[in-house]
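Those protein sequence lines, which keep their order, are chains A and B.
Numbers 245 to 660, taken from the numbering used here, label the letters of the first sequence in order.
Numbers 812 to 970, taken from the numbering used here, label the letters of the second sequence in order.
Hints were generated in silico from the structure; no laboratory data involved.
Treat the hints with care, as some may be off.
If you only want the chain B side, here are some residues facing chain A, beta carbon under 7 Å, derived [as the list claims (entries may be wrong)]:
#	residue
1	T899
2	Q911
3	R917
Remember, it's a predicted structure, so these values are computed and weren't measured experimentally.
Each residue gets a CB set at the ideal place from its N, CA and C atoms; glycine is no exception.
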Amino acid sequence: MVLRVASVAFAIALSLFLIPFGSTFPATGAPAPQAQVPDRTLDDVFAQIAERFPGFGGVFADPATGILHVYLVDPHPRTAAAVVAALRQALRPGSIPVALIQPVRGLFTFRELKAWHDRMQDVLALDGVVFTDIDDARNRLTVGVQDFALVPAVEGELARAGVPREAVEIIETEPVRLETSLRDQHRPLVGGLQISFTSGRNVFLCTLNIVAVRSGANGFVLNSHCTAKQGGVESTVIYQEIVASGKEVGVEIADPQYFRGSPCPRGKRCRYSDSAFAQLNTGIGATLGAVAKVTLNSTAWDGNAAFRIIGEADPVVGVTVGKVGRTTGFTQGNVQRTCTNYGVLGTNIVQLCQAQAGYSSSGGDSGSPVFSIVSGDDVWLRGIHWGSGGVFSPIGGVQRSGTELGPLTTCFDGSC
Amino acid sequence: MHDCARRGIGVGPLLAAFLLSSYLAGCGGPARPAPPALVLQLVAPERVRPGEKVVLRLILKNVSPNPVEARLDGRPTHDFIVRRPDGTEVWRWSHGQAVQDILQIRVLRPAEELAFEGVWPQRDNNGRPVAPGMYRLQGIVRLEQGRLASAEQNLTILP
Numbered sequence: 245m246v247l248r249v250a251s252v253a254f255a256i257a258l259s260l261f262l263i264p265f266g267s268t269f270p271a272t273g274a275p276a277p278q279a280q281v282p283d284r285t286l287d288d289v290f291a292q293i294a295e296r297f298p299g300f301g302g303v304f305a306d307p308a309t310g311i312l313h314v315y316l317v318d319p320h321p322r323t324a325a326a327v328v329a330a331l332r333q334a335l336r337p338g339s340i341p342v343a344l345i346q347p348v349r350g351l352f353t354f355r356e357l358k359a360w361h362d363r364m365q366d367v368l369a370l371d372g373v374v375f376t377d378i379d380d381a382r383n384r385l386t387v388g389v390q391d392f393a394l395v396p397a398v399e400g401e402l403a404r405a406g407v408p409r410e411a412v413e414i415i416e417t418e419p420v421r422l423e424t425s426l427r428d429q430h431r432p433l434v435g436g437l438q439i440s441f442t443s444g445r446n447v448f449l450c451t452l453n454i455v456a457v458r459s460g461a462n463g464f465v466l467n468s469h470c471t472a473k474q475g476g477v478e479s480t481v482i483y484q485e486i487v488a489s490g491k492e493v494g495v496e497i498a499d500p501q502y503f504r505g506s507p508c509p510r511g512k513r514c515r516y517s518d519s520a521f522a523q524l525n526t527g528i529g530a531t532l533g534a535v536a537k538v539t540l541n542s543t544a545w546d547g548n549a550a551f552r553i554i555g556e557a558d559p560v561v562g563v564t565v566g567k568v569g570r571t572t573g574f575t576q577g578n579v580q581r582t583c584t585n586y587g588v589l590g591t592n593i594v595q596l597c598q599a600q601a602g603y604s605s606s607g608g609d610s611g612s613p614v615f616s617i618v619s620g621d622d623v624w625l626r627g628i629h630w631g632s633g634g635v636f637s638p639i640g641g642v643q644r645s646g647t648e649l650g651p652l653t654t655c656f657d658g659s660c
Numbered sequence: 812m813h814d815c816a817r818r819g820i821g822v823g824p825l826l827a828a829f830l831l832s833s834y835l836a837g838c839g840g841p842a843r844p845a846p847p848a849l850v851l852q853l854v855a856p857e858r859v860r861p862g863e864k865v866v867l868r869l870i871l872k873n874v875s876p877n878p879v880e881a882r883l884d885g886r887p888t889h890d891f892i893v894r895r896p897d898g899t900e901v902w903r904w905s906h907g908q909a910v911q912d913i914l915q916i917r918v919l920r921p922a923e924e925l926a927f928e929g930v931w932p933q934r935d936n937n938g939r940p941v942a943p944g945m946y947r948l949q950g951i952v953r954l955e956q957g958r959l960a961s962a963e964q965n966l967t968i969l970p
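Bound conformation, chain A alone (with noise of 0.2 Å):
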């Protein structure tokens, strides 16, 4: 299925003639005059040299010889020619590579091919169907399906409109995905994913740490600095991944006041973490112990692919941890301080006994689940990312006691 997959996509590629070539052909090889062609498909212009050239059945370009091939129910070669030359006029410059021509015979004219194309549209409405195509490589028509299984309903379709099963190539391939990324929204929820709130007329983002359960309730630890205010609960709502109406996913519920006094600096406030947690809303999908598993220095995801916390740990020089976040997504580092206390710039809150590595990160990525891989995608987790430098607060200090959030489950199968 693979080459099949891979045979289309590169006739397709063909077809939009972007291969350069180093051949030429003295008869066309004069560079033709800009054309203007704004509206129209590449079907619609092949569609108009077949009304000059009706014989015509499509042109392709082989990267292996270098020749230009352009299928003709009746080939000569100065058909071909006047077939190329016509194309190169009305296609903007360069579109045709300056190469040999090579008249091919063509079962099917582009004529028919593009009638039965548009009369065979209700094929893409079929459950599974991924793309219909004039394949000008195989002056053909081909269907890629997801599975072959879907044959059957493909040709009631092709029937019903009429057009000629042989005709008609069908293929199995791969569906078409947009590409997402951590900054899109994702149900259910996992670490590492963009969320959103208000305070003022500014909006934040900041990044999800862990779906968790917190005293019987279920939702997601993020920082107390993303919350409307840090210590204190003010029933923050958190949106993912922006703020919109439909977006909302939680609502804090937990987020500690700063202390001060003893071992808190004289005239500072204290946490041993930067947490709150946040309840999940009716309805909202959320998967406990999964963060979302991108690759290295990249926030694209598939919404799919995750890591699974399997236990927690406290953080120790020389270890290598990485972490998941929304703007430079997953960066490692090793780790270089642990239990030191921080002073928050432009701020009197100090965070007591964080760690500190040597992990990249960036505005937005605060909440980011900084965790080691264990083994495959088994991951331990080791606390929540807040300050610029790779500064995180250890899991440990997130769930002490009084002053910070309590126990939470975290891991993958409520285990931890």
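Please build the complex by placing chain B on the supplied structure of chain A, with the hints as guidance.
Just chain B now, with coordinates in the frame of chain A:
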């Protein structure tokens, strides 16, 4: 904490349409001119007495006729740098402290300003008092796609 490698150049799709003012400093090559939509101005005294706190004020202003979406990288999003005339860094407001990695989206109306403040206690990054003389001041605002820096301004600490 704020090296260029860490910040990278993550282009925000919306803000990218607007860029920016003054110049984008550091982080990936020479300064490059940009259309004047946002301008950054540093307001600071020209002379101070030894030991006197130097109040620094940074103003980010939308000078375009249209609303501009600013994606402010980190909280706080701004920073101040003091250098000697030869360019050696003496003090940086953010030195030794962490910045929260949040991303703030703020739409500035035409002529609207955002103001950021800081104080230089006339000490270096190690906390030692600095000597009288000439210093160069600069303010920075971090945006999702890079840093916006003010023009440098001279400051003289009187003998």
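Going through the hints against the structure:
Interface hint at B:T899: violated, since its Cβ lies 22 Å from the closest Cβ of chain A, which is beyond the 7 Å cut-off. Hint status for B:Q911: holds, given a least beta-carbon distance of 5 Å to chain A, under 7 Å. A hinted interface residue such as B:R917 counts as satisfied when its beta carbon comes closer than 7 Å to some beta carbon of chain A; here the least separation is about 5 Å, so the hint holds.
Violated hint for the displayed structure: number 1, the only one.
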